[in-house]
Amino acid sequence: MSRDLYDLIGLVAAICFILALKGLSHPKTARRGNLIGAAGATIATLVVFFYGDQLPLKNLPLILGAIVVGLVIGVPAARKVQLTQMPQLVALFNGVGGGAAALVAIVEYLKLGEEAAEKAGAIGAAVLIATIFTVVVGTTSFTGSIVTFLKLQELMTTRPVIFPGGRFVIAGNLVAILVCSGWVYSAADTTSVMVLMGLSALFGILFVLPVGGADVPIVISLLNAFTGLTVAASGYVLEATLLIVAGTLVGASGTILTRLMAEAMGRSLFGTLFGAFTATATAAGTADTRPVKSGSAEDVAILLNYARRVVIVPGFGLAVAQAQHTVRELADLLTAKGIDVAYGIHPVAGRMPGHMNVLLAEANVPYDQLVEMDEINPTFPQTDVSIVIGANDVVNPAAKTTPGCPIYGMPILDVQQSGNIIFLKRSMRPGFAGIENELLYDPKTTLLFGDAKASLTKVVSALKSL
Amino acid sequence: MSSGLALISIFVLAVFVGFEVVSKVSSTLHTPLMSGANAIHGVILVGAIIVASHSDNTLQLTLSLLAIVLATINMVGGFVVTDRMLEMFKVKKKPASSDTSGEVK
Chain B
7 MSRDLYDLIG LVAAICFILA LKGLSHPKTA RRGNLIGAAG ATIATLVVFF YGDQLPLKNL
67 PLILGAIVVG LVIGVPAARK VQLTQMPQLV ALFNGVGGGA AALVAIVEYL KLGEEAAEKA
127 GAIGAAVLIA TIFTVVVGTT SFTGSIVTFL KLQELMTTRP VIFPGGRFVI AGNLVAILVC
187 SGWVYSAADT TSVMVLMGLS ALFGILFVLP VGGADVPIVI SLLNAFTGLT VAASGYVLEA
247 TLLIVAGTLV GASGTILTRL MAEAMGRSLF GTLFGAFTAT ATAAGTADTR PVKSGSAEDV
307 AILLNYARRV VIVPGFGLAV AQAQHTVREL ADLLTAKGID VAYGIHPVAG RMPGHMNVLL
367 AEANVPYDQL VEMDEINPTF PQTDVSIVIG ANDVVNPAAK TTPGCPIYGM PILDVQQSGN
427 IIFLKRSMRP GFAGIENELL YDPKTTLLFG DAKASLTKVV SALKSL
Chain X
26 MSSGLALISI FVLAVFVGFE VVSKVSSTLH TPLMSGANAI HGVILVGAII VASHSDNTLQ
86 LTLSLLAIVL ATINMVGGFV VTDRMLEMFK VKKKPASSDT SGEVK
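Protein chains in written order, with the numbering used here: chain B, 7 to 472; chain X, 26 to 130.
No wet-lab data here; the hints were simulated from the structure. Note that the structure is a prediction, hence the values are computed from the model and not measured. Quick reminder that beta carbons are idealized off the backbone N, C-alpha and C, glycines included. One or more hints might be untrue.
Said to hold, decoys possible - With the C-beta cut set under 7 Å, the calculated list includes, among others, these residues of chain B facing chain X:
hint, residue
1, SER240
2, ILE262
3, PRO409
4, GLY410
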């Protein structure tokens, strides 16, 4: 295959990627966009096998074997994952992508070192800088993504992890990375690049640890953009135009997306990333012994039965309990009684923007009952009962009233304006962001403790017998 | 134009395309869009295959084969998981049967 043909096919793949991102930005074209992207990636991968000085490619069986291993791990993981666990899977996929980019850069660096030694020539400065960039950012993205995975999977605390002198450790780490980069730049040997990799891995961990649970999606998006840029830098080193285009597209669109997400949550990007360092002790975590009003499933059923309008506010707890089908049953029952039912969907309900829509669609909740925050908020004063199911932070008035608390400034669903509020909760434990919710102590609030699915089932049967 | 400069030109132009393409996205699509973009950078697989086919010692080969495995997971897994997220848009929006569901009475 001639270089021209190879580049031409690369151009086709690049156009596919642009169309993919464009398609993914609109609900109607999103699915097709994703398929176009997959087609582009397939074309790009196939064509490498037919271009080179030596055909078939050297190490071909091993290369194909490695691809098969990747398929065997990746496809079942993506197909079988629970919809609730999707965000952490995306984080993992992003991490391994960053890791791959870093490995490619290291191999290329080792090879360049050998060639330079043989020919007694120097490696181009731009190439070296791009390589160092890829190793540092790729490895950071890898370990950072692993930490976000652990947080979302709740294998470690979801709260910001802050330790005394943390900012000095991070600053020291950054200086060490810079110094080591200089070493890699001048030495061109294996040891230096391995040390650089280790330092970058540490940086990825230190960078994500102080980020609070609710902000994790923003960080994943940012790391995603980082990985894109490392792919672009690898493309520069390998002189592969397609990698530059694809990587840069992801880097640029990922940066915009990160900003959009931060805006949807009412956070500044800077505050998200460095808030934990600048903020002093927050008011969070004050153990409260004030009385709360808890009720039985029958109490809840009666409240609902005499309501004219009910708004259901689903949260991550609903998804965890797999209660989306039961909640639809409840909604159908209420509708049959002539009660007006709507779902109020917070932009970041669940663990990521749009996550809750995916989960409810799975339970065949009619799409037109899902009402976005800006539309539902003005209707709360006319709402008789709001049922908050496994949600907490997205209805927490502290976001409006308590400056300095971690979610301050985040837009919330104004359930406190409705006639009655019912909270279905497992316990008094605060939400993902770890902040106490004043609304739980409100006289209008009734709490129904227990697993969301079990509670809903009881409410449904109580409602039927009324 | 030197080849290095040509590559940098491509980079700069791609930055603008990337900014432009996703300027307005509803929050419902943030997660699928991130996931789709995530799958696209799995194209580092191409780079991994190139370095693997040029590797001539065990260390380089091992590292580049590992890179291929990781990149394949990123790319293929990414597109599959994005498709699953987007299944919701397959569900046809039923024409609301002229009653006032979802409206305030």
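**Message:** Less than 7 Å between beta-carbons is the criterion; does PRO409 (chain B) satisfy it with respect to chain X?
**Reply:** With a minimum Cβ separation of about 25 Å from chain X (threshold 7 Å), the hint on PRO409 (chain B) is violated.
**Prompt:** If you take the shortest Cβ to Cβ gap from ILE262 (chain B) to chain X, is it below 7 Å?
**Reply:** Constraint on ILE262 (chain B) satisfied, holds at 5 Å.
**Item:** Evaluation of the interface hint that places SER240 (chain B) against chain X, nearest CB under 7 Å
**Value:** Result: holds, 5 Å to nearest chain X Cβ.
**Request:** So, GLY410 (chain B) near chain X? Judge it on the closest CB pair being under 7 Å.
**Result:** GLY410 (chain B) check fails; min Cβ-Cβ to chain X is 26 Å, beyond 7 Å.
The earlier numbered hints that this structure contradicts are 3, 4.
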